[in-house]
Amino acid sequence: MKKLATLIGGVAAVATLSMGAQAQTLEQVKNRGSLNCGVSTGLPGFSSTDSAGNWQGLDADGCRAIAAAVLGNANSVSFVPLTAVERFTALQSGEIDVLVRNTTWTLTRDASLGLNFTGVNYYDGQGFLVSTDLGVSSALELDGAAVCIQSGTTTELNLADYFRFNGMSYEPVLYDTSEQTISGFEAGRCDVLTTDQSGLYGLRLQLSNPAGAMVLPEVISKEPLGPVVRQGDDNWFNVVKWVHYAQLNAEEMGITMANVDEMRTSNNPEVVRLLNSNEMGAHLNLDANWAYNIVKQVGNYGEMFERTVGMGSPLQIDRGINALWVDGGLQYGMPVR
Amino acid sequence: MNDQSKTRRAAWLYNPTYRNLFYQALVVGGLFWFLYTITGNVLNNLEARGISTGFRFLNQPAGFAIAQTLVEYNETYTFGRTFVVGLLNTLLVSAMGIVSATFLGLFLGISRLSPNWLLRKLCAVYIETFRNIPLLLQIFFWYYAVLQTLPGPRNAINFGGESFFLSIRGFYSPKPIPEPTFAIYVGLIVAAVIGLIVLARWAKKRFIATGEQFPVLPTTIGVMLGTIVIGYFITGRPLSFEYPVLRGFSFAGGMRIIPELMALWFALTIYTSTYIAEIVRSGIQAVAHGQTEACRALGLTEKQRLNLVVLPQAMRVMIPPMTSQYLNLAKNSSLAVAIGYPDLVAVFMGTTLNQTGQAIEIVAMTMLVYLTISLSVSAFMNWFNKRVALVER
Numbered sequence: 001m002k003k004l005a006t007l008i009g010g011v012a013a014v015a016t017l018s019m020g021a022q023a024q025t026l027e028q029v030k031n032r033g034s035l036n037c038g039v040s041t042g043l044p045g046f047s048s049t050d051s052a053g054n055w056q057g058l059d060a061d062g063c064r065a066i067a068a069a070v071l072g073n074a075n076s077v078s079f080v081p082l083t084a085v086e087r088f089t090a091l092q093s094g095e096i097d098v099l100v101r102n103t104t105w106t107l108t109r110d111a112s113l114g115l116n117f118t119g120v121n122y123y124d125g126q127g128f129l130v131s132t133d134l135g136v137s138s139a140l141e142l143d144g145a146a147v148c149i150q151s152g153t154t155t156e157l158n159l160a161d162y163f164r165f166n167g168m169s170y171e172p173v174l175y176d177t178s179e180q181t182i183s184g185f186e187a188g189r190c191d192v193l194t195t196d197q198s199g200l201y202g203l204r205l206q207l208s209n210p211a212g213a214m215v216l217p218e219v220i221s222k223e224p225l226g227p228v229v230r231q232g233d234d235n236w237f238n239v240v241k242w243v244h245y246a247q248l249n250a251e252e253m254g255i256t257m258a259n260v261d262e263m264r265t266s267n268n269p270e271v272v273r274l275l276n277s278n279e280m281g282a283h284l285n286l287d288a289n290w291a292y293n294i295v296k297q298v299g300n301y302g303e304m305f306e307r308t309v310g311m312g313s314p315l316q317i318d319r320g321i322n323a324l325w326v327d328g329g330l331q332y333g334m335p336v337r
Numbered sequence: 001m002n003d004q005s006k007t008r009r010a011a012w013l014y015n016p017t018y019r020n021l022f023y024q025a026l027v028v029g030g031l032f033w034f035l036y037t038i039t040g041n042v043l044n045n046l047e048a049r050g051i052s053t054g055f056r057f058l059n060q061p062a063g064f065a066i067a068q069t070l071v072e073y074n075e076t077y078t079f080g081r082t083f084v085v086g087l088l089n090t091l092l093v094s095a096m097g098i099v100s101a102t103f104l105g106l107f108l109g110i111s112r113l114s115p116n117w118l119l120r121k122l123c124a125v126y127i128e129t130f131r132n133i134p135l136l137l138q139i140f141f142w143y144y145a146v147l148q149t150l151p152g153p154r155n156a157i158n159f160g161g162e163s164f165f166l167s168i169r170g171f172y173s174p175k176p177i178p179e180p181t182f183a184i185y186v187g188l189i190v191a192a193v194i195g196l197i198v199l200a201r202w203a204k205k206r207f208i209a210t211g212e213q214f215p216v217l218p219t220t221i222g223v224m225l226g227t228i229v230i231g232y233f234i235t236g237r238p239l240s241f242e243y244p245v246l247r248g249f250s251f252a253g254g255m256r257i258i259p260e261l262m263a264l265w266f267a268l269t270i271y272t273s274t275y276i277a278e279i280v281r282s283g284i285q286a287v288a289h290g291q292t293e294a295c296r297a298l299g300l301t302e303k304q305r306l307n308l309v310v311l312p313q314a315m316r317v318m319i320p321p322m323t324s325q326y327l328n329l330a331k332n333s334s335l336a337v338a339i340g341y342p343d344l345v346a347v348f349m350g351t352t353l354n355q356t357g358q359a360i361e362i363v364a365m366t367m368l369v370y371l372t373i374s375l376s377v378s379a380f381m382n383w384f385n386k387r388v389a390l391v392e393r
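Going line by line, the protein sequences match chains L and E.
Numbering-wise (our numbering), the first sequence opens with residue 1 and increments by one.
Numbering-wise (our numbering), the second sequence opens with residue 1 and increments by one.
Treat each hint with caution, since some may be false.
What the hints assert, rightly or not - These stretches of chain E come out as covered by chain L in the derived footprint (C-beta under 8 Å, 3 or more residues): (1) 104-118; (2) 244-254; (3) 315-329; (4) 342-356.
Think of the hints as simulated: they come from the structure by calculation, not from any bench.
Backbone N, C-alpha and C define an ideal beta-carbon position, used for all residues, glycine too.
Starting from the given sequences, assemble the full structure and let the hints guide the process.
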């Protein structure tokens with residue numbers, strides 16, 4: 001099977017790669033001329049392919065933003081679709097340069113897998129999707145239900161904790177990909193589908209009758225999702241981290257895809273530092289246009305959000321806690337100086 | 001140095017035994033050096049990259065649930081336990097598949113040589129169809145196209161009173177619960193089996209001594225059926241049954257086979273049985289036609305011909321390739337991951353690997369398990385093969 005091959009290949013690669021090769025991801029990406037970016041195999045709003053085969057979504061655009069900053073071209077991305085089980089091995093073994101795949105930041109993953117989370121591009125929480133025929137209005141009424149889950153995720157652990165804590169039982173039905181999960185739910189193999197709330201809204205759209213299913217109000221966990229890189233390459237870690245901050249700063253400063261050229265000649269020193277500073281670029285080993293390229297080609301964080309998961313997208317997810325800190329949300333761009 | 005000692009030394013050098021030993025030692029040494037180096041290399045690299053290693057994770061709580069467990073398990077058990085749960089589920093589906101594929105394959109193989117035209121052709125079509133469709137597609141077919149179109153638990157198909165239900169959640173049947181007298185019942189059955197073994201030995205001895213035949217098979221069937229049925233009532237119905245009842249979201253109580261297991265079992269059985277059928281056919285055809293003619297000349301019945309002459313000789317041809325099919329079936333059961341049956345690969349190499357990130361340890365353990373299963377099956381079949389092999393005097 002493909003998965004087995006990837007895993008074994010990955011393990012073999014971890015085993016044989018020498019230490020020296022991993023400290024220069026930035027150089028490798030520049031030499032290769034394209035970014036190998038790990039994404040999900042298909043989650044609407046985050047990373048999925050449209051009818052023309054182009055990757056769309058918040059995570060896919062996250063990959064593009066990194067490519068724009070490093071290579072000056074947002075389209076220089078090789079997307080590598082990965083299942084939940086394959087993702088960390090692919091990153092550890094160097095098959096991908098960065099993983100932008102709705103991955104939850106947890107202590108174990110951060111501290112024991114040789115990985116670093118670079119930030120949070122979406123604050124999420126786990127929820128439940130049920131069929132409206134079921135007549136259930138709260139997750140606490142789900143005792144004894146069969147639950148469809150995508151295997152190998154934190155979702156599985158949160159679910160077990162939640163049901164045990166509330167003295168309820170459940171039957172887990174595990175699938176490998178989100179497509180299989182939604183088809184199992186639709187066929188009635190399970191009563192409930194659980195994953196991150198954002199995922200639920202996206203998956204609901206894939207049902208033949210989205211109105212026949214509803215998302216329950218309970219959010220049972222914190223799911224901070226963000227990009228991941230390998231440990232031991234601080235320069236690359238900084239680059240990926242600051243791509244996100246650059247997009248947040250751009251939104252705070254009101255710089256958009258449309259006005260970025262105009263803003264570039266602004267006399268606001270903050271804006272100049274972000275868009276046109278040799279010094280800031282040099283700190284990251286990038287050129288002065290790094291942030292300009294991101295905003296010009298991909299947009300600021302808010303634009304990216306609205307286009308992929310927000311009100312301008314089929315998912316229509318409210319900005320909620322993903323709003324900027326100045327608007328009462330959690331997204332906070334570290335100062336560029 | 002005189003000529004003689006030179007020759008002796010040369011003899012030592014050119015002695016094939018010593019030379020073989022030398023080269024074999026060289027190869028083994030090289031292999032060990034290679035393994036030693038890559039193991040050290042892996043450990044160094046993992047440590048340098050901050051990836052934890054070792055088997056400590058096996059004692060950590062797993063924290064996730066599994067749909068089908070043959071041993072007691074809940075999410076507070078350890079990852080070591082998830083390994084056992086996955087392993088047992090793999091063994092279960094492999095054993096079920098091996099038994100059913102063997103029976104189906106035997107039937108198909110013999111039927112394919114039947115003088116009945118319709119039966120022969122139907123078997124040929126069956127074999128050629130299912131042998132040539134990839135197993136993964138067959139698994140998907142059974143799971144998605146057949147079992148996932150079944151009704152939900154509330155509209156479950158009911159057959160056999162209120163005892164047997166089939167729905168998308170699986171097949172439910174009453175669950176037997178042993179009563180105190182159950183031990184006596186089991187004792188009766190064991191006694192009957194022992195009695196029958198003694199009878200069979202006596203019949204064989206008598207046959208060798210006098211040539212008179214005793215109807216062992218009909219007697220066995222009769223005695224077993226009698227013991228099972230009559231004994232059941234004599235011991236005062238030693239089993240009570242817990243019936244599945246629709247409660248809440250689904251059925252509660254009773255016994256249940258989850259649809260993932262059914263789909264995998266069907267697919268493995270149907271796929272492997274085609275290969276076994278061909279092996280059976282080739283085995284039977286390998287017995288020279290002269291043997292059949294000789295049987296007829298001796299006046300043996302068709303049944304005697306098959307049981308006493310043809311099958312014992314066909315077995316010798318069949319067993320080695322059958323071993324391969326059993327091994328294939330056990331290994332193919334790892335395709336379970338495609339439909340979410342909680343086998344070793346899905347539970348251990350899937351979820352456990354993802355929760356702990358210990359890829360090397362887990363992949364190594366999984367590979368070792370499949371290797372052990374395969375070698376055990378192989379060893380058993382080799383032993384069996386030796387037993388039935390032609391003993392030349």
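Find the hints from earlier in the document that the structure breaks and name them by number, from lowest to highest. 1, 3
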